[in-house]
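Go ahead and model the full structure; you've got the sequences and the hints to work with.
Top line first, the protein sequences correspond to chains A, B and C.
Going from the first sequence to the working numbering is simple: count from 1 and add 1.
Going from the second sequence to the working numbering is simple: count from 1 and add 124.
Going from the third sequence to the working numbering is simple: count from 1 and add 2.
Derived by calculation from the structure, the hints in this document are not laboratory data.
Glycine included, C-beta positions come from ideal geometry on N, C-alpha and C.
In silico lysine to aspartate or glutamate, DMTMM-like type, Cα no more than 25 Å apart, as pairs:
#1 A:LYS223 with B:GLU395
#2 B:LYS391 with B:GLU350
#3 A:LYS14 with A:GLU175
#4 A:LYS112 with B:ASP381
#5 C:LYS175 with A:GLU32
#6 B:LYS198 with A:GLU292
#7 C:LYS8 with C:GLU18
#8 A:LYS237 with C:GLU230
#9 C:LYS77 with C:ASP119
Just so you have them, the derived chain A footprint on chain B, three or more residues with Cβ under 8 Å:
#10 125-133
#11 175-189
#12 349-362
#13 373-385
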Amino acid sequence: MKQYVVEKPGIRKSVEEELKRKKVCAPVKQENSANFSAIHSFEEIVWGPPQTVIPPKKYFLPTSENILSFRKRDGGFEVEALNAAEEIVLFGVHPCDLNAIYLTDRIFAEKNQDENYLAKREKAVLIGVDCLTPCSPEAVCLRMDGLNPGDRFDLFLTDIGDVYFVEAASRKGEEFLRGEGRPASEIDHRKLSSVRKQRDELFDQEEKKLLPDYNDLPGLMKRNYVHAVWEEHGEKCYGCGSCNMVCPTCYCFDVEDYMRVDLENGFRKRFWDGCMLEDFAKVASGENFREERFDRLRHRTNRKLNYLFDKWGQSFCTGCGRCIKACLTHIVSPLEIANEIFQRQSV
Amino acid sequence: MKTLFTPEPAKIRKAVPQTEFETLFEMELSERSTLGHKPGQFVEVSVFGVGEAPISVSSAPAPSMPTFELCVRKVGNVTNALLSMKKGDHVGIRGPFGNGFDVNLFKGKDIIFVAGGIGLVPLRSFIREVLNHREDYNRVFILYGCKRPKDILFEDELMSWGSLEGIDLQTTVDIAGDDWKGNVGVITTLMPRLSLDPPKTEAVIVGPPVMYRFVISELKKRLVSEKNIWVSLERKMKCGVGKCGHCQMNGVYVCSDGPVFNYAALKEIPEAI
Amino acid sequence: MADRPKVGFFSFTGCEGCQLVVLSMADRLLELLGAVEVVNFREASSYKCDDYDIAIVEGAISRVREITELIEIRKRAGTLIALGACAHVGGINCMRNFANQFEIKKEVYGDKASNFDSFLAQPLDAIVKVDHYARGCPPSRDGEEFLEIVVALMQGKRPYIPNYPVCVHCKMKGNVCVFHKERPIACLGPVTRAGCMAACPSFGNACIGCRGLAGKPNLNAHQQTMEEAGLTPEETMKFYRMLNGMMEVGK
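Written as structure tokens, this is what we have:
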């Protein structure tokens, strides 16, 4: 990984150059919140808080995507695979989302490669921005190992005063810079360390604590698969799937066919689905393998803190806090569920 | 361009109704010389405009034939549409998917096949494979249970299996009229009739969710070891390739980690059975 | 289903806006007219015929005469689709059900009140079996969902109608939850069935529940959410009754 220091106008220049050629998407203001959207000028970008309502996963796994078109022909069907992907620059991605994108990349590239996700992913340049203040009262990124993105980006910017400390993890990232900036010096590195130290101290003060040991989360979940917490929280759960939709690492989808009125032309569509929704595990014959809301809440929490943690070696909750905000009955936070179980088992 | 979700064309060569709700289809792939499946694997069948559904392959592996069989029960949109289709109609196929049975583990062993209702469909693929290579396997027991006599699948074929030497076929139904001369009762009532050699026995169970627990407990009573018990499970599936999440039970994807599971491992998965 | 099924549109107590939505589908409507034969459609034509495969019925039932007419329609039609909230859940008409019937009639019809046979408003399925519901007030997604139902019927397919709450689509659209706005708005989205792509919250308004309840709605949780937004349980109930009064009798 290469490190540079770039003057602030240099970054602005790079963004403006990209805007001439490509679609650039970044967090923009939306009422009292923010959302990722295509921008037309550098000024639109929201750096830091507030957190976007939904994560940037929508650029790789669109809320709804046609994956197949078909038309009747010679007694059969002419079938065409669809995989629309455009070049985009994703600017201003927070570390929690960079980590989440890294994790979903693993899922879609594993074994049976999902071209529809990967093609979009490959055409994207990921430019991350370090969070120097928590982006919402719900954020728990420091606790869930989501605040440090490692090298999970093309370019990553940290504001170290009057300049950006820039880490470039790929050629795509270097190209974005267009030669702006100079290699980082010893002094710059020290500045970065001190900014990050301050950052960590602030986050440590502000963010809710995780009581159990992070690395024991899968174990804690396994030992408490049967626990009153699930029923208690399940009783208050809407089963509305809001937590699934806003989660940067929820990637489940449903598939349906749609036919035009002529009954000759149609398409196959995949769209977001969520394991908290009632029909998610219900088979055609009517059997529902996770019928109760508490079953589904347990499943979702275990996916984040146990099943996928076990498989990929890290929590699939990156602490972005979106589900905690979205949940109108305040029951879904993986961190708080873990805390509650931890406290009650040690009584 | 082809993607993970592109079905390949196939044609219905034969459609033979089995019962009121099930039809046996022979499908023919037009772009491949063989499906190349193992017993216990499934395919995703597309009826374009209606959707896609996972269906177990019910014919034995056939390395040089572009045809294979699917026995379909009408329970949802896609299967309803399939049952209204006829010879010459076009469908799409993806797969085969899933792990299937590793037949090598069963060679030289006694095998008990326990099938409930439509569970006979994936087992038929395995049973036929065993019959095609009869000398590789030892004794074969086939236990088959249905709700009523008219629900029995592959009736003629069952009779022919039963008449073969070294194959013990037992059938039962839950409810029957006076014209039924066979057994009446749940499938576990057939178990005491078998003379088992437990250490040399592998049991394979496929049926409705309620059946597994009872059959497994009966097998354990007969001293069949947990690691010699195999089941194949049904779940909601959309993608068939371990992505969409619907078939997940605890940390396991049924479509790609299964649908065939060894019971010794399966009993550690609370959502399984 | 027949190659070109015959379709009849019928209207009971309501504003007839549902039929207008169908009529305003422009080119989509032309496509539909190529695929079905419309034999009865008061809003569009004076031609009438009593031979139809699919009956599409809008409006709630609130007069004695309407009961017999609806039963007659049901007898003739192979398939009956309830079009819009009034037909589906009774809709706004059911607000009268919570007042004194004599007084309310008097208020509307004055001293002629006794000439009118109107009574407690009811959804269609309080009287007859309904095969499919094209939900919403007016029918959702500018009638697209209604069209999807008709296409599915022609295919012999069960139409795809989500049973989950509006929140799913509201989140997909990236809306700021109306409960979280600078000035929070109480919303029925968490207990209302999705399918409209969160039409009202997407324009900054509350969901008023026009698609009826979601599958297994958590009404207890919702009451608490509404209380946190400043509504008493009575006010919440009043909000439900605006369009979903009949849910209290198990709909």
